[in-house]
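Generate the whole structure from the sequences, applying the supplied hints.
Chains as they are written, first to last, in our numbering: chain A, 1 to 381; chain B, 1 to 496.
Since the hints were derived computationally from the structure, they do not count as laboratory data.
Some hints could be false.
[Stated by the list, open to error] Partial list, computed: chain B residues near chain A (C-beta under 10 Å):
#, residue
1, 301
2, 324
3, 327
4, 333
5, 334
6, 343
7, 359
8, 362
9, 367
10, 369
11, 373
12, 410
13, 413
14, 475
[Claimed, not checked] Straight-line Cα separation of at most 30 Å, DSSO-like style, residue types lysine-lysine; simulated pairs:
#, chain 1, residue 1, chain 2, residue 2
15, B, 368, A, 151
16, B, 233, A, 242
17, B, 425, A, 242
18, A, 242, B, 350
19, B, 368, A, 254
20, B, 319, B, 305
[As the list claims (entries may be wrong)] Here are a few chain B residues that sit away from chain A, every Cβ distance over 10 Å (derived from the structure):
#, residue
21, 27
22, 56
23, 69
24, 75
25, 86
26, 95
27, 106
28, 124
29, 125
30, 128
31, 263
32, 303
33, 409
34, 433
We put the CB at the ideal spot given by N, CA and C, even for glycine.
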Amino acid sequence: MKKALSKPSGNNALSVLRKGVSMLIKYDIATISIIFAILLAIFIATSNPMRLGFSLTSVSKDVAIFAIVGMAQMATLAVGQFNLAVGAIGGASAMVCGYLINLPTAGNMDVEKYVQAEIGLALPWVVGLLAGLAVGLLLGVLQGWLITKTKINPFIISLALISVIHGLNMGITQNIYFRKLPKGFTDINNITIPKATADVGQKTTFGFPLVFLITIVIMLVVWLIYNRTALGRKMLATGVSKRAADFAGIDSNKYIICAHALSGLLCALGGMFTASKLSAAQTSTGDNWLLYSFAAPILGGTLLNGGKVAIIGTMIGAGIMTIITTVLAVLKLDAFTHQIFIGGILLLAFILNRGRESLSKQQDRALLEAQESADGVHVEG
Amino acid sequence: MQKEVLRLESVSKKINDVKVLKNVSMTVNEGEIVNLYGDEGQSKAMIVDLLGGVFQPDFGKIYVDGKEVGITCPRDGKELGISIIHKRSDLIPNLTVMENLFLGRKDWDNRHFIKEKQQLARTKELLKILGLDISPQTMASKLTVEQVQLVQLGKALLDDPKVVVMDHTNILLDKNQIKLFKGVFKELSRRKVGILIVAQNLQDFYDISDRMYVIKDGSIIGNFDASEFDSEKIVKIIMESSFVKRPEISLNDISKEVLRVENLRTRHALRDVSFSVKKGEIVSITGSYGSRKCDIGYAIYGIEKLTGGRIYLEGKRIKIKNPADAIKNKIGLISFENEENGLLNNLNIKENISMLRLKNLSHLGIIKRELEEWLLKSVKADMQFDFTDDLASVEGLSTADQRKVSIARVMCSFPKVLILIDPTKGLDNESRKQILELLVSFSNRGVSIILISSNIHEMLQVSHRILVFSNNTITGEINENELVFKDHLNIQHNFI
Numbered sequence: 001m002k003k004a005l006s007k008p009s010g011n012n013a014l015s016v017l018r019k020g021v022s023m024l025i026k027y028d029i030a031t032i033s034i035i036f037a038i039l040l041a042i043f044i045a046t047s048n049p050m051r052l053g054f055s056l057t058s059v060s061k062d063v064a065i066f067a068i069v070g071m072a073q074m075a076t077l078a079v080g081q082f083n084l085a086v087g088a089i090g091g092a093s094a095m096v097c098g099y100l101i102n103l104p105t106a107g108n109m110d111v112e113k114y115v116q117a118e119i120g121l122a123l124p125w126v127v128g129l130l131a132g133l134a135v136g137l138l139l140g141v142l143q144g145w146l147i148t149k150t151k152i153n154p155f156i157i158s159l160a161l162i163s164v165i166h167g168l169n170m171g172i173t174q175n176i177y178f179r180k181l182p183k184g185f186t187d188i189n190n191i192t193i194p195k196a197t198a199d200v201g202q203k204t205t206f207g208f209p210l211v212f213l214i215t216i217v218i219m220l221v222v223w224l225i226y227n228r229t230a231l232g233r234k235m236l237a238t239g240v241s242k243r244a245a246d247f248a249g250i251d252s253n254k255y256i257i258c259a260h261a262l263s264g265l266l267c268a269l270g271g272m273f274t275a276s277k278l279s280a281a282q283t284s285t286g287d288n289w290l291l292y293s294f295a296a297p298i299l300g301g302t303l304l305n306g307g308k309v310a311i312i313g314t315m316i317g318a319g320i321m322t323i324i325t326t327v328l329a330v331l332k333l334d335a336f337t338h339q340i341f342i343g344g345i346l347l348l349a350f351i352l353n354r355g356r357e358s359l360s361k362q363q364d365r366a367l368l369e370a371q372e373s374a375d376g377v378h379v380e381g
Numbered sequence: 001m002q003k004e005v006l007r008l009e010s011v012s013k014k015i016n017d018v019k020v021l022k023n024v025s026m027t028v029n030e031g032e033i034v035n036l037y038g039d040e041g042q043s044k045a046m047i048v049d050l051l052g053g054v055f056q057p058d059f060g061k062i063y064v065d066g067k068e069v070g071i072t073c074p075r076d077g078k079e080l081g082i083s084i085i086h087k088r089s090d091l092i093p094n095l096t097v098m099e100n101l102f103l104g105r106k107d108w109d110n111r112h113f114i115k116e117k118q119q120l121a122r123t124k125e126l127l128k129i130l131g132l133d134i135s136p137q138t139m140a141s142k143l144t145v146e147q148v149q150l151v152q153l154g155k156a157l158l159d160d161p162k163v164v165v166m167d168h169t170n171i172l173l174d175k176n177q178i179k180l181f182k183g184v185f186k187e188l189s190r191r192k193v194g195i196l197i198v199a200q201n202l203q204d205f206y207d208i209s210d211r212m213y214v215i216k217d218g219s220i221i222g223n224f225d226a227s228e229f230d231s232e233k234i235v236k237i238i239m240e241s242s243f244v245k246r247p248e249i250s251l252n253d254i255s256k257e258v259l260r261v262e263n264l265r266t267r268h269a270l271r272d273v274s275f276s277v278k279k280g281e282i283v284s285i286t287g288s289y290g291s292r293k294c295d296i297g298y299a300i301y302g303i304e305k306l307t308g309g310r311i312y313l314e315g316k317r318i319k320i321k322n323p324a325d326a327i328k329n330k331i332g333l334i335s336f337e338n339e340e341n342g343l344l345n346n347l348n349i350k351e352n353i354s355m356l357r358l359k360n361l362s363h364l365g366i367i368k369r370e371l372e373e374w375l376l377k378s379v380k381a382d383m384q385f386d387f388t389d390d391l392a393s394v395e396g397l398s399t400a401d402q403r404k405v406s407i408a409r410v411m412c413s414f415p416k417v418l419i420l421i422d423p424t425k426g427l428d429n430e431s432r433k434q435i436l437e438l439l440v441s442f443s444n445r446g447v448s449i450i451l452i453s454s455n456i457h458e459m460l461q462v463s464h465r466i467l468v469f470s471n472n473t474i475t476g477e478i479n480e481n482e483l484v485f486k487d488h489l490n491i492q493h494n495f496i
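As structure tokens, then:
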């Protein structure tokens, strides 16, 4: 018995190393954490030390938005579907919120290059925020409802909805900007804890932006939903296999709608975070989200065909992409180059994921064999 | 002496450390119809897979026409003249019969253009041999199950094979279906093609076979010539190890009816299906392959929509629109049809088992983890299951363990009526026995069980009554008194 137990721990250094490698392969987060750490280190090393604090603060603002949008996509991926309308929903929510809270300024058009909205209800910004969230929720529910009721391929419905939502948004608002947003609203983006300094000529310091902290809280809530609630587990079950979920008495359609609702809610939040960051609500909000929304959760280890979410992974995935785009911006490469990079990274993530899957299967088999041979020793002893 | 066309010599194969085949040797001669018979398990299917190039033997050799061959992919087998008719359709549904027959056959095309006239002529000729009265332009999706099988046979014949291997496991055929196949096999035999029928039901091709191999637990345990066939003896050999004691219904329970269904109808499969189940009774439903007998279970469980009929539970009429309603009414179902197990693959054992009870395990939508642990523990103790790691994903479990998780899950909802569809399909003898014993123990506890299965042996072992389903309704009933062990060979012949 003792002999059997002591045998596997014999060659320690090698086994520790092997264990470490297997951990990395098995837990998706580990791999991308390392990639993230390397990227972050490179970023810090190559940045101007005077500007470093400022850069990191602004990077974390972007991470927040991408993480929220990534989680929005993740929510639908979890039920085995997707939400192509992330950007459209985000844009619509931002515009509704903008209209409600914009401070109208009479006849001040002369200096503006763009058409600046002179309308707005100047309601408290909290009302606007809640209304924007409600719009996102409703659009999400609409999408989920259409998918489950019409039984048309979700891809078609989502594709059609992008067009409808975006078209309505442009048509109703005439593509104006809401640029006089109340200070409370823009503070969501501007306030940092501790207060970051960005004075010219001085060394800038880092502070966690409020958006980032809110995102962490939301991440926690989403984590709780998927790991501790019946709702989350049933959504995951639906994602594994709709038929199997139906057999288990789960009303899968209900949970598909729930997932789209959650997705819509997060899109709306992303849209308003963007408006806060730009100090302007505009229809183009969310135009470039689609690729990022898939890249973040998938880099993080969320399964494309449903049933598994990686929430912390999505955050780290968002971090990786933000750093890459920031570095590319610093290198003064244009936006098109960014797209090539992000697309390339997405492809790479998929290839890595494939490798990881087959590796982890091999590992399982090896583990099983090792166990059996250990059992064999045990029997002999 | 006939010429030998196919020979396996001391073939062994291990899968996941289970010896599926042990030293199997067999031969098929020219024009000979050979029946390979054995109870359900992996071994027969493995022989088919070896010949089809799905797997390669660990030890031993395969000879075709006296030459040693290695079959490493399905194409190799085809080129050597081994045609395999699989139990599942490999026809493409939205192509016509003719297009299916000639799919991937370059010799029947003129470079890039299809030799339509020649193909049409050959198709008509083939359909005649097969006794099929259908147009070559019929869409494959419009064919009935037996027609699909025959067209697959036709596809195999086009290869001008030396050997035809018919994979017939898990299929119950009715008399007409069997007659059709017998005719084709005889015709083939006349053309000097060797035929290997891998069958689970002894009776099906009993009378046209020239020889029979009996396989059990991966070894050939008998090689009988036509003159030596003794069906009772063969069945006894097979059955010995897997015998499970039938549950006793105590007399005071027998009158208590738990479930009664009247005139169930669904759009596709059921017409006026009526039957009832008493407390603690195991009622089996069987029917031929393609009869859609499973739909009875699905209709009661709310997966197939009812277009008519009533369901009564303990005398009260209940309406079931979806599985959730069924579970609320204490009706459970586990289906293992089509290789599925109803489990949620990416989730772990614990999450799978607690799925039906999440509502009771959670407070304000948040799952109480200690309650979940408790449920898992009590279920495991109750059924004497032992999983090494409750947090392991169910995907990595063995088939037998996956079934146990499925059963544990459904038992968590304390069903009064449990519907099981093919619960032992593809399991080895030991696991099958375990599952059947579980059923018996549930029955002794008062759970009424509807067992829908194609495996006559196991139904005979554990059920109190067997209902026969054909032509979309229940056409016969075999009650307890008739279920005497030695009679069971005739049951299939007389009722199905």
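Cross-check of the supplied hints:
no. : hint            : in the structure
1   : 301             : holds (8 Å)
2   : 324             : holds (4 Å)
3   : 327             : holds (4 Å)
4   : 333             : holds (7 Å)
5   : 334             : holds (8 Å)
6   : 343             : holds (6 Å)
7   : 359             : holds (7 Å)
8   : 362             : holds (5 Å)
9   : 367             : holds (6 Å)
10  : 369             : holds (8 Å)
11  : 373             : violated (14 Å)
12  : 410             : holds (9 Å)
13  : 413             : holds (8 Å)
14  : 475             : violated (28 Å)
15  : 368(B) x 151(A) : violated (35 Å)
16  : 233(B) x 242(A) : violated (47 Å)
17  : 425(B) x 242(A) : holds (23 Å)
18  : 242(A) x 350(B) : holds (19 Å)
19  : 368(B) x 254(A) : holds (23 Å)
20  : 319(B) x 305(B) : holds (11 Å)
21  : 27              : holds (36 Å)
22  : 56              : holds (18 Å)
23  : 69              : holds (29 Å)
24  : 75              : holds (25 Å)
25  : 86              : holds (23 Å)
26  : 95              : holds (23 Å)
27  : 106             : holds (33 Å)
28  : 124             : holds (39 Å)
29  : 125             : holds (42 Å)
30  : 128             : holds (41 Å)
31  : 263             : holds (25 Å)
32  : 303             : violated (7 Å)
33  : 409             : violated (7 Å)
34  : 433             : holds (23 Å)
When each numbered hint is compared with the structure, violations occur for hints 11, 14, 15, 16, 32, 33.
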